[in-house]
Amino acid sequence: MPVISLFAWMLVIAFLAFIACMFEDLESDIGSQSNPNSQVQLAPEMGYIHRYFNKAISGEGLSYGLSCTISGTIAMLILLQLGSVGPKAAVLAIPVGAAVGSLVHMVRSSTCHVGRESAHKRFEQPIYLDVFYGHLLPIATHNFMAVICITAIAYIQCNLGILSGVTGASNPFPLPLLCLIWGLTVGAIGSSTGDIHYGTERVFQDKPFGEGRRVVYHGQICRYGDCGVRTSKDVAAFCAKFGGPATGLAFGLIVLFENWRTVIGMLLGGLSIGGLANPAVAAAWGIGIGIGIAIVLVILARTLEKWTRNKYGPFVGE
Amino acid sequence: MEPITLLLVLVCIIIGGLLSSLAVHLMPVGGAPAAMATATGIATGCVMLMTGASVTGLFTASTVASFWATNPNVILVALSGAVGSMLMMGFTMFVGNLIYIFGAGIVPCSGRVAVDPITKESQTEYKTPRTDGHGVPTVSFVSGILGGFSGGFGGALIYVMLVSDSYAHFSVATAGIVAMGIFIANAIIAAYNIGGTIEGFHDPKFKARIRTGLTCSLIVSALCGVIVVIAMLTGTLVGGVM
Chain G
589 MPVISLFAWM
599 LVIAFLAFIA
609 CMFEDLESDI
619 GSQSNPNSQV
629 QLAPEMGYIH
639 RYFNKAISGE
649 GLSYGLSCTI
659 SGTIAMLILL
669 QLGSVGPKAA
679 VLAIPVGAAV
689 GSLVHMVRSS
699 TCHVGRESAH
709 KRFEQPIYLD
719 VFYGHLLPIA
729 THNFMAVICI
739 TAIAYIQCNL
749 GILSGVTGAS
759 NPFPLPLLCL
769 IWGLTVGAIG
779 SSTGDIHYGT
789 ERVFQDKPFG
799 EGRRVVYHGQ
809 ICRYGDCGVR
819 TSKDVAAFCA
829 KFGGPATGLA
839 FGLIVLFENW
849 RTVIGMLLGG
859 LSIGGLANPA
869 VAAAWGIGIG
879 IGIAIVLVIL
889 ARTLEKWTRN
899 KYGPFVGE
Chain B
11 MEPITLLLVL
21 VCIIIGGLLS
31 SLAVHLMPVG
41 GAPAAMATAT
51 GIATGCVMLM
61 TGASVTGLFT
71 ASTVASFWAT
81 NPNVILVALS
91 GAVGSMLMMG
101 FTMFVGNLIY
111 IFGAGIVPCS
121 GRVAVDPITK
131 ESQTEYKTPR
141 TDGHGVPTVS
151 FVSGILGGFS
161 GGFGGALIYV
171 MLVSDSYAHF
181 SVATAGIVAM
191 GIFIANAIIA
201 AYNIGGTIEG
211 FHDPKFKARI
221 RTGLTCSLIV
231 SALCGVIVVI
241 AMLTGTLVGG
251 VM
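Protein chains in written order, with the working numbering: chain G, 589 to 906; chain B, 11 to 252.
In isolation and in its complexed conformation, chain B is listed as follows (with noise of 0.2 Å):
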């Protein structure tokens, strides 16, 4: 195998792994909290939420790739896996905010920020004394959409750079698994980073921990691509293993 495709694929997962963790740190995830309407944004934890966007993503990718007979074209391949997740997210956040509004009589407001930075609306008026906001305010969703992309890609990246012929030429099952496994790793180490909620881009913890949280992931995503190349180098799971 050429040293140059080994190193494509190297920097491909790194690339991957990057956006997966950014787009976690962009996620509107408020958690337990948040399911009581005590925190801003989505009802669930990081790992959960971005699992079932990138799985999406993962899907469409998979119905893209399989266009074209040999050599799925990459870039249209790992954007329409980014457009998936981003509508995943979108869907999640809106139908969120629906029973919100309509099954709690909640106004959603950011508890981190007093101004909105994108409708520039003030929140503080709005947010319930004694929590941290509720609902999924514009900014938050904005945030959430573009962390939904940048996951989707990164997630659909890493597969069809494992599944394409010219590249690792994994079966498209053990590529799904393999995209599938690097992308929760990362996931997991950016839900370690934030430790509990974030609003998304204008939560200050964005700004003081992102750093942390792509070093780390640039860590376990080379590690990960380590790995894969020396599986591709073996041969161990070329033609697949499922």
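Pulled out of the complex, with its shape left as it was, chain G reads as follows (with noise of 0.2 Å):
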């Protein structure tokens, strides 16, 4: 029963790590952060005058990282404070914390726009303040999202054996630690994965569809929508079609199998409620599967782009 309810955690966490990933992405696109951000910086410069939200805190990694470790930090203090409550503190300390780093990443959002938009006044760029305060909410909502998720990850990770009751099931990393490596790479997932979306299809929508952006392109970004002018608000609905679910199944498969791979090594190990019996085992079993799902992943990366070549031909055009 323990080991069941060990999978059972193990697929909470993927849940989470999904919605927390797709937040990421949809808030990432609502502030033109990482790599697209280049277009919306570069559009006042060529001429193209626009109503996006313009914010390029840090890579997406490291303000991810920034957020989630305030949230975890405050998480555990909250936690060691009710100590006397028990495990039911979560309750209040992980919704506590993430709002925390929530409301520091939207105080990052503001000057960052306003410092941006402001150095653009030379290209004749006005600072729209309906722009301005509508969109620090979705900012900060999307955050709150990916961020209590985030934390719920870590702390169920941390606390893992006496969750599942499996002795030596807990990560032995403490909440903020575990909360900043999930930050880090939830932001590296998003700005590799989700940012594709914007940069490529919204960003440059009235351009041709199917092709690379070339580099003249680059700066004439897309600045009408179906109804009067775009503003980033417009960028979520769009991207949260396929872009941000896709960048919330990459997190989420990446735990999912992390863990499946880790677990399935521990119970070929011998693994009971008193722990392991073999360690080597455990520890070989995990790498095996790991190489055999990297090997299948390579096949079926070859085998989609043979497919894409055969439907797509090659380039036509100029």
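Errors might be hidden in some of the hints.
Pair ranges (Cβ atoms, derived) [said to hold, decoys possible]:
1. G:PHE797 / B:ILE237: 50 to 56 Å
2. G:MET634 / B:VAL125: 32 to 38 Å
3. B:SER132 / G:MET634: 30 to 36 Å
4. G:GLN669 / B:ILE14: 41 to 47 Å
Worth flagging that the hints you see were computed from the coordinates, not collected in a lab. By construction, the Cβ of each residue, glycine as well, lies at the ideal position given by its N, Cα and C atoms.
Could you fit the two chains together into a complex? Lean on the hints.
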């Protein structure tokens, strides 16, 4: 029964990871953070005055690493203060920690947007106050969703031994360090995958579909929506249909398979309530399964590339 | 503390640092242009990507190291970290390609070589003019997987040497932070060496710059190793500060 409980918690962690990374990507799209920010930054210089929210606090990984670490630290402090209440204190500690992390993120977003837009004065780019105020709440709420999920993941992993009843199942890292680790990873994945849907497709929606964005298009961003002028809030609605969930899937799958192969390895290494009988066997099985998954991924990637080449064909046009 | 132990820790930190630097050079990093499908590779910077991959490996390494009550098996823990980073890279590149293909209708192709060295397929006719390629083609995918393995192994090797009772005997948290720090220092140096985008081991840039990158990494890792050895000798971090 405890081993089943371990698997159940693993699935909860994977689900939370999916939600976290999806909201992380959408938040970065709303704020034009990370790589596509280069286009929003370049647009006024090219004469494209826009109503996008422009923040690039730092790379997404570092930005989320900070938000999640703040959240984890506050949560741990509350948990320590309310030690007498027991595990129930987490119900209060995790949301409060995430709220503080999001507030700090919102402050950084504000200063970053105003600073960047005021530097564009020479290109006659105004600071639209409705854009400024209107985007802060979506940024904070999306950030809150991502940070609360990451803090919850870190809390579960820190206390997995107690929660599942299997001795030695908890991760030895403290809560804030686990928050930093998953914050960095969630940001790195959001930046690597989700940004493509925003940067390649949404920002250049008035350019030909199905080709790489040529250097001559850079800075010429799409400023008009189906009705009226486009703002960054319209970006989230578009990216939530594909880019966001796909990014969530990437992180969810990573967390799922990372934990799955470790737990399967532990089972094969003689896992019981008392702990592991044979650690070396457990570690070796985990490594073997991981290498197997990597080989399957390479085959899948090659198959997908082949299918795409046959389906789409060579580049046509000038 | 035995001089041989100190020497072993120093050597392992240098090896870990060198592997981390090699890993960054193997990554198919497209940076900001890749987010607009203007360059081949993953749509983020070297440091960001490699840090994300290495900390995923570090997480698995820490879990696996805790299997042993004392003296974790160095090779098995390092390999676990390597596989963790490799999987992170694999899933990220695969989903990235899914978005390129189904979200933007783009065929993955290399911009630096005319023929994929692994599949032997031509790349030129699939490339959009005035771009440096787009997506993650098979050769870059394989290079990224190898890079993830190398980086994860390096990071986890440093971690396990620092956390093991037989070697540095730092606390888990301190060992994690120090390993991450040494890794990031090497990743940043390698990112400066690459200077923009790189597609993987087949990229002419790889051959031209890897020697400089590894030399710089050797110096940085040795310096970090000496600091760790001083901390071990003085007992500053033994048992941990956290």
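Worksheet item: In ascending order, which of the hints set out earlier in this document are inconsistent with the structure?
Response: none
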